[in-house]
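Number of protein chains: 2
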Amino acid sequence: EYKKMSRSVDGLEGAGEWPIFKELLPDFNHKTVLDLGCGFGWHCRYAREQHATQVIGVDLSEKMLKTARNYTNDPLIKYLRMPIEDIHFKEEQFDVVISSLAFHYIKDFRNICDKVYQYLKPGGSFIFSVEHPIFTARAEQDWYYDEEGVRLHWPVDHYQSEGMRETLFLTENVVKYHRTLSSCMNDVIQAGFNIKAVKESLATEEMLQDSPEMKDENRRPMFLIMSAEKVNGE
Amino acid sequence: EYKKMSRSVDGLEGAGEWPIFKELLPDFNHKTVLDLGCGFGWHCRYAREQHATQVIGVDLSEKMLKTARNYTNDPLIKYLRMPIEDIHFKEEQFDVVISSLAFHYIKDFRNICDKVYQYLKPGGSFIFSVEHPIFTARAEQDWYYDEEGVRLHWPVDHYQSEGMRETLFLTENVVKYHRTLSSCMNDVIQAGFNIKAVKESLATEEMLQDSPEMKDENRRPMFLIMSAEKVNGE
Chain U
0 EYKKMSRSVD
10 GLEGAGEWPI
20 FKELLPDFNH
30 KTVLDLGCGF
40 GWHCRYAREQ
50 HATQVIGVDL
60 SEKMLKTARN
70 YTNDPLIKYL
80 RMPIEDIHFK
90 EEQFDVVISS
100 LAFHYIKDFR
110 NICDKVYQYL
120 KPGGSFIFSV
130 EHPIFTARAE
140 QDWYYDEEGV
150 RLHWPVDHYQ
160 SEGMRETLFL
170 TENVVKYHRT
180 LSSCMNDVIQ
190 AGFNIKAVKE
200 SLATEEMLQD
210 SPEMKDENRR
220 PMFLIMSAEK
230 VNGE
Chain H
0 EYKKMSRSVD
10 GLEGAGEWPI
20 FKELLPDFNH
30 KTVLDLGCGF
40 GWHCRYAREQ
50 HATQVIGVDL
60 SEKMLKTARN
70 YTNDPLIKYL
80 RMPIEDIHFK
90 EEQFDVVISS
100 LAFHYIKDFR
110 NICDKVYQYL
120 KPGGSFIFSV
130 EHPIFTARAE
140 QDWYYDEEGV
150 RLHWPVDHYQ
160 SEGMRETLFL
170 TENVVKYHRT
180 LSSCMNDVIQ
190 AGFNIKAVKE
200 SLATEEMLQD
210 SPEMKDENRR
220 PMFLIMSAEK
230 VNGE
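One line per chain: the protein sequences are U and H, in this order. According to my numbering, the stretch in the first sequence is residues 0 to 233, in order. According to my numbering, the stretch in the second sequence is residues 0 to 233, in order.
Hints were generated in silico from the structure; no laboratory data involved. One should not assume that every hint holds.
Copies of the same chain look alike in the list, so a pair counts if it fits in one copy or across any two.
[Claimed, not checked] Under the rule of at most 27 Å between Cα atoms (straight-line distance), these lysine-lysine pairs were calculated in the DSS-like manner:
{"id": "1", "residue 1": "214", "residue 2": "106"}
{"id": "2", "residue 1": "3", "residue 2": "21"}
{"id": "3", "residue 1": "2", "residue 2": "106"}
{"id": "4", "residue 1": "195", "residue 2": "106"}
{"id": "5", "residue 1": "62", "residue 2": "21"}
{"id": "6", "residue 1": "120", "residue 2": "195"}
{"id": "7", "residue 1": "21", "residue 2": "195"}
{"id": "8", "residue 1": "114", "residue 2": "195"}
{"id": "9", "residue 1": "2", "residue 2": "21"}
{"id": "10", "residue 1": "77", "residue 2": "62"}
Starting from the given sequences, assemble the full structure and let the hints guide the process.
Spelled out as structure tokens, the structure:
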């Protein structure tokens, strides 16, 4: 089912939040890049198109990585199969660490922030997107409908109860972790980063012209996108 | 009606978000402090109790300031009546600028951030609380109830439609301004600040023991509280 999604078929251009994510990315020219939760490798290949010198993509799913490898013909992209939590690299190995919609599957986000900080060079960038805390709060992760099936509003509940959410993604049961916005931001800050920008996914005028059904995306934020910097000389 | 609220009668200790706000405050000893939207002056007097050398409180409401002056016997606290938007001070006049639950009445938050940045000394602190974007999104600013009046969940809608919300506060119609979380944070960052901490109001175990009815406060965040710093030597 995941393979049929627009983001899987059309790659980055099929992912609604990509324009926002892309805007936060630094210049990849001559940079070493790590992609946490690389999936089919779209971001890895994009980084190379933008002249990154070396890219490492990490993902837990061998299936995903198989597809990623099939799509990739580039010796300077390396795919590693492992849980994101288990990554281990050299200190200050990367200029840029990115992650798209992976961290809400991770229990211990602070640990990831600490590792990313360690593996980034001073001045390096950390850009990631996650499902928005408003989206993950209820296990249902769905709109509230009236009897005719009309979307009345987005319901929020259990916001301060952080932790596991057993939820349905397409046809499969998936375990996600809900974190409050403040936890997410403070984990990044306390790891040592400066937050450079915070974005929330939305449907632009252009997107609404192509797909009018996306208008509901502006009724509540689905994704949170952030860029942070490892401060120079700390 | 406002005068009867716990926060008006008991002061800071009657305001649920005060422990979180207090935790973010810097040492006030020998500091000059500006309080934007000072209301009855509780925070101004607190700053002086903590040995601030000088405190200026600004509020639009002459009624509020009258009460503030009645409560205050301290020549080192000065109250000014004006819209927060109109403040004008010397560059680098203050060590600390605070604001409690006032900025959601202000249309142009970026302008405030720019001014606060200008009036703060390098290394100075900016700590403020606002109604949470999740709280201000719908004009109703209320729970969604079933037919028996049970609170089903907190409804979110119109999130990306920033701007005016005509809403009811106690018995009065009040105009507030809804801003997304990302707008709020980026306004602070783009003014030049480093974000030091982001908090969301919640009911602690201790508060729940005193007032079990506060448990709903953990179902959705009502307030957003932030501390930011004017970076030294920029």
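When the structure is checked against the list of hints, which entries are broken? Sort them ascending.
none
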